[in-house]
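Novice: Each chain, written out:
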Amino acid sequence: AQSVTQLDSQVPVFEEAPVELRCNYSSSVSVYLFWYVQYPNQGLQLLLKYLSGSTLVKGINGFEAEFNKSQTSFHLRKPSVHISDTAEYFCAVSEYNFNKFYFGSGTKLNVKP
Amino acid sequence: GAVVSQHPSWVICKSGTSVKIECRSLDFQATTMFWYRQFPKQSLMLMATSNEGSKATYEQGVEKDKFLINHASLTLSTLTVTSAHPEDSSFYICSARAGGDNQPQHFGDGTRLSIL
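If you read the protein sequences in the order shown, they are chains A and B. The working numbering numbers the first residue of the first sequence as 1 and each following residue consecutively. The working numbering numbers the first residue of the second sequence as 114 and each following residue consecutively.
Careful: at least some of the hints might be erroneous.
Selected chain A positions facing chain B (Cβ under 8 Å, derived; list incomplete) [stated by the list, open to error]:
#, residue
1, N41
2, Q42
3, F90
4, F101
5, F103
6, S105
Straight-line Cα separation of at most 20 Å, DMTMM-like style, residue types lysine to aspartate or glutamate; simulated pairs [as the list claims (entries may be wrong)]:
#, chain 1, residue 1, chain 2, residue 2
7, B, K154, A, D85
8, B, K127, B, D201
9, A, K100, B, E176
10, A, K108, B, D222
Chain B residues, not near chain A, derived (Cβ > 10 Å throughout) [as the list claims (entries may be wrong)]:
#, residue
11, V124
12, E135
13, F141
14, G174
15, N183
16, T191
17, S196
18, S202
19, I228
Since the hints were derived computationally from the structure, they do not count as laboratory data. Glycine included, each C-beta is placed from N, C-alpha and C at the ideal position.
Please construct the entire structure, taking both the sequences and the accompanying hints into account.
Specialist: In structure tokens:
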């Protein structure tokens, strides 16, 4: 079975500062990795995904994430955040067949002016 | 492309009422749709997987008679919360997948259900 751990439930950060949202996973099989963003009262929007190839993945809104197989991590980073990045971010894993997504508990990013 | 629409986006109703939530794939045919539930301050939990024309597969702990899922066409799946009670209040999100395995899921915007 797969599981996803997001260690930080909330991350406060000032505008234009860098941020890293942590995600660790456990799985007995190879998986795909995803980061989603959820704005209040909305569904999930895909930020980026790692399927194969380069371990550094670039997504929308200036976010990027790096897949580290040895550490089973897929941390999300942004060098300079904006107020509009305030949202909740979910890390997720999926088996190769995409039949099931396993989500982390989410990290609320609060960008302050 | 790959837009998934949920309706309604917000519903408030009295206890004992049955509520139907629709999930539509607008620009692709979804052979498989998934229903998730998100409790406050928690992550999404998969409730069930439905394939067009087949009975839904429910995750452990999800009551089949409580949460009726119908996937009658390639573009529409419905979730009906029967005789809803306050504990059923939650955020329900559907996702849809075109084709078979190895195709990504596309998520709807969710439905906020509040039972008084």
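Novice: Does the alpha-carbon distance linking K127(B) and D201(B) stay inside the 20 Å limit?
Specialist: It holds: about 12 Å lies between the C-alpha atoms, which stays within 20 Å.
Novice: Is the shortest C-beta separation between F101(A) and chain B less than 8 Å?
Specialist: At about 7 Å, which falls below the 8 Å cut-off, the nearest Cβ of chain B leaves the hint on F101(A) intact, so it holds.
Novice: Was G174(B) rightly flagged as not at the interface, with every chain A Cβ beyond 10 Å?
Specialist: holds (15 Å)
Novice: Does K100(A) pair with E176(B) here, judged by a C-alpha cut-off of 20 Å?
Specialist: Judged against 20 Å, a Cα distance of about 19 Å means the pair holds.
Novice: Hey, is S196(B) genuinely clear of chain A, shortest beta carbon separation above 10 Å?
Specialist: With a cut-off of 10 Å, S196(B) remains clear of chain A, as the shortest Cβ separation is near 25 Å.
Novice: Checking a non-interface call: every C-beta of chain A should be farther than 10 Å from the C-beta of E135(B). Is that right?
Specialist: holds (14 Å)
Novice: Quick one: work out the minimum CB distance from N183(B) to chain A and report holds if it exceeds 10 Å, violated otherwise.
Specialist: Label holds. Min Cβ-Cβ 20 Å, cutoff 10 Å.
Novice: Check whether the Cα positions of K108(A) and D222(B) lie no farther apart than 20 Å.
Specialist: Between K108(A) and D222(B) the Cα gap is close to 18 Å, so the pair holds against 20 Å.
Novice: Does D85(A) sit within 20 Å of K154(B), going by the straight-line distance between their CA atoms?
Specialist: With a Cα-Cα distance of about 18 Å, the restraint between K154(B) and D85(A) holds, given a limit of 20 Å.
Novice: Min Cβ distance, Q42(A) to chain B: is it shorter than 8 Å?
Specialist: Since the shortest Cβ distance to chain B is 5 Å, the answer is holds.
Novice: Regarding the assertion that I228(B) does not contact chain A, is the least Cβ-Cβ distance greater than 10 Å?
Specialist: The claim stands: I228(B) keeps its Cβ more than 10 Å from every Cβ of chain A (closest is about 17 Å).
Novice: Please check whether the beta-carbon of T191(B) is more than 10 Å away from every beta-carbon in chain A.
Specialist: Holds, since 17 Å exceeds 10 Å.
Every hint, counting from the list given before, is met by this structure.
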